[in-house]
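There are 2 protein chains.
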Amino acid sequence: MLSPQRVPMPGLPMSVTIWEVGPRDGLQNESTIVPVDVKLEFLDRLAATGLGVIEATSFVHPQWVPQLADAEDLLTRLAPAPGVRYPVLVPNERGLERALALGVREIAIFGSATETFAKRNLNRTVDESIAMFEPVVRRARAEGLRVRGYLSMCFGDPWEGEVPVAQVVSVARRLVSLGCDQLSLGDTIGVATPGHVAALIRALSDAGVGPDRLAVHFHDTYGQALANTLAALQAGVTTVDSSAGGLGGCPYAKSATGNLATEDLVWQLHGLGIETGVDLPALVRTSLWMAQRLGRQSPSAVVRALAAEV
Amino acid sequence: MLSPQRVPMPGLPMSVTIWEVGPRDGLQNESTIVPVDVKLEFLDRLAATGLGVIEATSFVHPQWVPQLADAEDLLTRLAPAPGVRYPVLVPNERGLERALALGVREIAIFGSATETFAKRNLNRTVDESIAMFEPVVRRARAEGLRVRGYLSMCFGDPWEGEVPVAQVVSVARRLVSLGCDQLSLGDTIGVATPGHVAALIRALSDAGVGPDRLAVHFHDTYGQALANTLAALQAGVTTVDSSAGGLGGCPYAKSATGNLATEDLVWQLHGLGIETGVDLPALVRTSLWMAQRLGRQSPSAVVRALAAEV
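Residue numbers (the UniProt record's numbering), protein chains in the order written: chain A, 1 to 310; chain B, 1 to 310.
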């Protein structure tokens, strides 16, 4: 079957925005460096499937992420599809300058809920990273840009173990105070379970950060990503991050495996009768095409199940 | 991390019975024929992890399932662990006679919600299969045995497509009328989504078959098994089928892949603060050991994530 039977579940949102992270978070964590022409075709194919938000690239220094060293070339040559948003990751003021010069209208910054991951990923304490983000977000907002704040390690940290909900709420509030209009709650190592997801969203809501300002970003390391997504939808979240074909992971997080695959997410959402605007067979064909470019099978269950049918 | 952070979710059961199907449903669908000594060690190791119900084998004719042709030898030599239940699958009266002669105290029959799968799997119409089960269940109940009825293709059929909820309810009621004390709702091809699961359980409850008489049996073909499990728990189901290490699948169902892995289920349940009695690291060690016997990696996300840690 090419699509699930649609059986709505009471209490869920009517539509969900899928925030496609494959071209950035996915490719940044693949060992293969993909040529810019292939990335451009990937972006075009993703837009043609109906995805409305596609995180295109990152302005992190090429020394740290050689996979995305072509960010300027990519954005210069990208022909944006009508109605599609192409946010980019910027780590600091220099990254923001480069993004602004290329006409970027939407950015994301990348924070951490834990000190250890802040140190390892950003080489800063949480306080220092917030201080680094402050002028970036201020300038971006002054230029009229939308700003998303990623918040990593919200549900567990490979070095620190359990991460208290109150600690996540504290950092989240600081990112909102800076001017982030959306926070993406990252389960960077994939350990979350649904009750934890519901509890964090409730605690954030109690602290003034409602589900309309949240996105969820789950990894499938322990197979829990879609159950956690269901819990997030039930808690009122309507933006879900995923990566076409399950591309990528997190190279700095010990034992992390890939992002939730967009196809697996779309199967769930369409089965629940929730609109996404995505043409699932076209998306599967795109991920099969990219898997060929990368020389390996997609880890997405739906891509594998539908490979012979699309 | 060897275990998830425990964060309960309101409205879920306090404890769940895991119905371990690896030795029967798992091994029956593996291409490798496992020696009886290895099966006996597998059963002992599974019981030692704390699992309380382990479906041990099947009395289906060896011509159809050569993997379980050693059922009599296995049960003769099995030293049951105290407090552990070892149900076996019986297809017909002859199978029941063999099971009774070996002291089996709990059986399962294997029905289908669709005509096409009944024909292909049982070589009978649904009516004919119910007629075949009738004397089996009557005799089993007269002997004081517990009887589970498996119901396949409850959420979709590879030949018939969508399967109406009313059709599943109709066959389910007939199995309950026969004398089955529990029904296991099978998503044999893995296409279900959470709203469908909730709707079927509600419809069954409305028809007099409450969640206390139900189990769920999900496949991970489209990555949906754990989200569907969450929906079933929310609907009041407290028995969940799974297969250690994700062993097996269904050879008669086109494009089906493996059962929900017990380890992935345990991670979710323990994260939700739901008791299972299972020692997760011991279970992962057992599945790693079995994967070596089968000469391939376990498909379970949790087994892979914890392989280096247990």
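Source of the hints: derived by calculation from the structure; they are not laboratory data. Mixed in with the good hints there might be a few duds.
Identical chains share a label here; the pair holds if one copy fits it or two copies do between them.
[To be verified] Below, in silico cross-link-like pairs of lysine to any residue (SDA-like), each with a Cα-Cα straight-line distance of 25 Å or less:
#, residue 1, residue 2
1, Lys119, Val84
2, Lys119, Leu2
3, Lys119, Gly103
4, Lys119, Trp289
5, Lys119, Met1
6, Lys119, Arg285
7, Lys119, Gln297
Being a predicted model, the structure only gives us computed values, none of them experimental.
Do the hints match the structure? See the list:
{"no.": "1", "hint": "Lys119 - Val84", "in the structure": "neither (34 Å within a copy, 49 Å between copies)"}
{"no.": "2", "hint": "Lys119 - Leu2", "in the structure": "between (45 Å within a copy, 24 Å between copies)"}
{"no.": "3", "hint": "Lys119 - Gly103", "in the structure": "neither (31 Å within a copy, 62 Å between copies)"}
{"no.": "4", "hint": "Lys119 - Trp289", "in the structure": "neither (37 Å within a copy, 38 Å between copies)"}
{"no.": "5", "hint": "Lys119 - Met1", "in the structure": "between (47 Å within a copy, 20 Å between copies)"}
{"no.": "6", "hint": "Lys119 - Arg285", "in the structure": "neither (39 Å within a copy, 34 Å between copies)"}
{"no.": "7", "hint": "Lys119 - Gln297", "in the structure": "neither (33 Å within a copy, 35 Å between copies)"}
The earlier numbered hints that this structure contradicts are 1, 3, 4, 6, 7.
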